[in-house]
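Given two chains presented individually in distinct reference frames, assemble the corresponding complex, making use of the accompanying hints.
From first to last, the protein sequence lines stand for chains A and B. Counted the way numbering that gives the first Met the number 0 counts, the first sequence spans residues 0 to 317. Counted the way numbering that gives the first Met the number 0 counts, the second sequence spans residues 0 to 110.
Hints may contain errors.
[Said to hold, decoys possible] Just a few of them, taken from the derived set where beta-carbon distance is under 10 Å, the chain B residues facing chain A:
1) Ser2
2) Thr4
3) Val7
4) Glu9
5) Leu25
6) Pro26
7) Pro55
8) Gly57
9) Leu63
10) Asp64
11) Gln85
12) Arg103
13) Gly108
[Unchecked claim] Quick list of in silico lysine-lysine cross-link-like pairs, DSSO-like style, CA-CA up to 30 Å:
14) B:Lys109 to A:Lys208
15) B:Lys109 to B:Lys13
16) A:Lys100 to B:Lys13
17) B:Lys109 to A:Lys242
18) B:Lys11 to A:Lys208
19) A:Lys24 to A:Lys100
20) B:Lys11 to A:Lys100
These are computed hints drawn from the structure, not numbers from a lab. Heads up, the beta-carbon is just placed ideally off N, CA and C, and yes, glycines get one too.
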Amino acid sequence: MTTAPVRREGAQHPSPPGYDVELSKFNPLPRVLCHDTFDSPTHGWTELLGNYDGTGDLDTVDDHMWDFRPPQLSSCSFFDVGTHGTLSGAYALKLATRPHKGHTAVAIRRLTMAGRGLVQIETHFAFKPEANVGPPRQSGRAVSWDGNNHPSEAEFGCFTVATDICSDGGIRYHNVARYQNTNMDNEMTRQWMYPVVPEPTPRDHFEGKFSLPYASDFTAPNPEDWRTFGEPTELCVNEVPTKINWHYLRWLIDTDARKNVELQVNDQVMDMRDVPVPVYPDRYRTLDNLLNFYFSVRTHADVRNFLFLDSVLISVDW
Amino acid sequence: MRSTTTAVLERKAKVRESFTTEPYELPWAGEARFFVHALEVGGDGTELRFTTQISPDGLHWCDLDGVEHRVDSVGVTSWLVTGFGQWLRLSCRVVGQEPAATVRIYLVGKS
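Just chain B, with the same shape it has in the complex (with noise of 0.2 Å):
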């Protein structure tokens, strides 16, 4: 039977600024998925833009991929996560007039 694990990252987080999720240790998994869900979106033209991170150390981290996934309205964005070391976390970047939104982060990991 495969492995599965389900972190919330992010419970309510009132995001006003860039922010990194905490550090979380995956390295068991072969795979993992984010999901975004987007509770609140408030602000003019408020846009959070989250890259993937991986680190070899939990302390220095590099984006794993180019890719942006864009979060500019309430609900549950979500993306697949392969090739990674040991640690994942997101880095989310805020974009807008007075930008306001809470978001809960899930990280789900599978052998």
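In isolation and in its complexed conformation, chain A is listed as follows (with noise of 0.2 Å):
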């Protein structure tokens, strides 16, 4: 893990002719491929559904991922304070999961690749459980209120930003970079992890290989197949759970070699080069160059959580 460079010496010179103040926000590779602000409707990133049989009974949707919720424009607003607003403008997208332990939501943008070479996403965001207003609750119990700490701390579970690419004869893998802040007990881990196996797809169910329950992990749903990589962080929740600081988040993969680069959170950059990918042991047919994101957040209590995305930038080196 290193530290990412603070350079000081721009702020002492004008602006120069074209300067643009949104991209100014971003270190984007050379081609951008979405620019996406929120002031405007939601850009591409769509929930996410499983797939379905060629009658459209819904029925057939694995258990596990019929119910990704819908992402919405929100201007974070909050019952103490009312509306916050974003750091770009009026609206975030936001990601709001049910009240139920283990639901996750999830946004999706769909692209295909024209090359192949580094991929870069970069977001400013936020993460919030739902406030309480009264009496305490279990899911809050590892973190007592001292007028700095709060309970709704430990009432976050996870957020990831991922990948699903497809290419060259059908080779599928998932680029997958997550925050855990506290385990399913709700106790506090701050850790970035990733898992050691590719994602359960449709096909698997449909030929038997699984299924999984409501509220599943999707992204690999047993907590073993998780390791951590970088060290453990603490992101500015801000002490109660109505206050949003905009993070920075950015992840460089490489699709030429099917592997992670690094990922910067803030001022803290880690190397991914090590964190592997895994590849489906089999091949995927009409998705060619898949290129897909997607951002999801998981509860780990009874307690809706959400991810807030201000704006998100994809860009490519090809």
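Here is the structure:
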């Protein structure tokens, strides 16, 4: 792990012609594929839904993949302060779970690849559990309120950024990076994680390889299949569940080598080149050049968890 | 160009008792419309009575108006919603002997 260099000289010079304030919030590769700000609608970030049969019978969707909830545009308003607003404007893309332990909300962006090489996704994000207005909840027991720490810290489960990529004769894989804030017992862990198995797919289910219940961890359902990388990280949750502090995230992968490269979150840069990217043992059709990104948020308590995205930028070097 | 978005609030809800949908934020929308698609309606005299609810904070709710939208057979029912705040949801009161229904619920927002 290294710390990102801080450049100071730029502030002393006037902005050159064509300077783009919105793009200046990012550090893109040469070609920008998507720059999504959410003062206009959802820019292709849509709910993930599992596959279904040729009659449109949604009862054929896997039990753990039919309820990932629709993303929504939020002004980040709360019971105590009203409208908070975002980094870049009025609205953020908000992913919201149900108040059901294990439930996951997922927004996915679907692209294809016109080349191979470096691919980077950047975002300014915030995460929060839903505020509690009432008696103490058991799920917040791991953190006592002392005017600085707050029980809500223990009520946020995890968020994940991941890919779904398929190329070169049906070779399919997922790069995955997860921030696990708590374990399933609502104890603070604050660690970065990755799975060592590929995500179970609807075809796996169709072929009888697994059957997962509602609210399973769809990225990798067995906790034993997750490993940590980097150092445990304390992010800026800022004391109560209704303060939104925007974090910068930059994640770089290599679709030529089918590898992770690095993950930056604020001033922390984690080398991910040794973080493996599991490939499915069999090949997939109809997915040529697939390049999907998703963000997900999973609650580990019967409390709604939210992931707010102020803006997202995807760029490539091809 | 106006903006619009469609959210599937319930995809295949198996309704046996009264419920509310998950909160959904539409702070940017000047108007909205609910669609309730009843896929199956069984039981003896099953009737679903939907009420539009609004909230200032996503936590505390009240009815938007006094209108109940009744669903007692398969098909699509829809109504316009205006004059709301940031959050919308539906409250569904279920009546009938051993009521059973499957519904899909859409919320469409338009600027």
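Going down the list of hints, with the structure as the test:
1. Ser2: With a minimum Cβ separation of about 5 Å from chain A (threshold 10 Å), the hint on Ser2 of chain B holds.
2. Thr4: OK, holds: Thr4 of chain B within 10 Å of chain A, min 5 Å.
3. Val7: holds (6 Å)
4. Glu9: holds (9 Å)
5. Leu25: Interface hint status for Leu25 of chain B: holds (8 Å vs cutoff 10 Å).
6. Pro26: holds (5 Å)
7. Pro55: Because about 8 Å separates Pro55 of chain B from the closest Cβ in chain A, which is inside the 10 Å limit, the hint holds.
8. Gly57: For Gly57 of chain B, the interface hint holds, since the closest Cβ of chain A sits about 8 Å away, which is under 10 Å.
9. Leu63: Since chain A brings no Cβ nearer than about 18 Å to Leu63 of chain B, farther than 10 Å, the hint is violated.
10. Asp64: It is violated, given that the least Cβ distance between Asp64 of chain B and chain A is near 22 Å, above 10 Å.
11. Gln85: Nearest chain A Cβ about 6 Å off; hint holds.
12. Arg103: Hint holds; Arg103 of chain B Cβ to chain A Cβ min 8 Å, cut 10 Å.
13. Gly108: Status holds, d = 9 Å.
14. B:Lys109 to A:Lys208: Cα-Cα ~43 Å, so violated.
15. B:Lys109 to B:Lys13: holds (28 Å)
16. A:Lys100 to B:Lys13: The given pair, whose Cα atoms are some 20 Å apart, holds under the 30 Å limit.
17. B:Lys109 to A:Lys242: Holds, at about 29 Å.
18. B:Lys11 to A:Lys208: holds (25 Å)
19. A:Lys24 to A:Lys100: violated (35 Å)
20. B:Lys11 to A:Lys100: Given pair Lys11 of chain B, Lys100 of chain A holds - Cα atoms ~20 Å apart, limit 30 Å.
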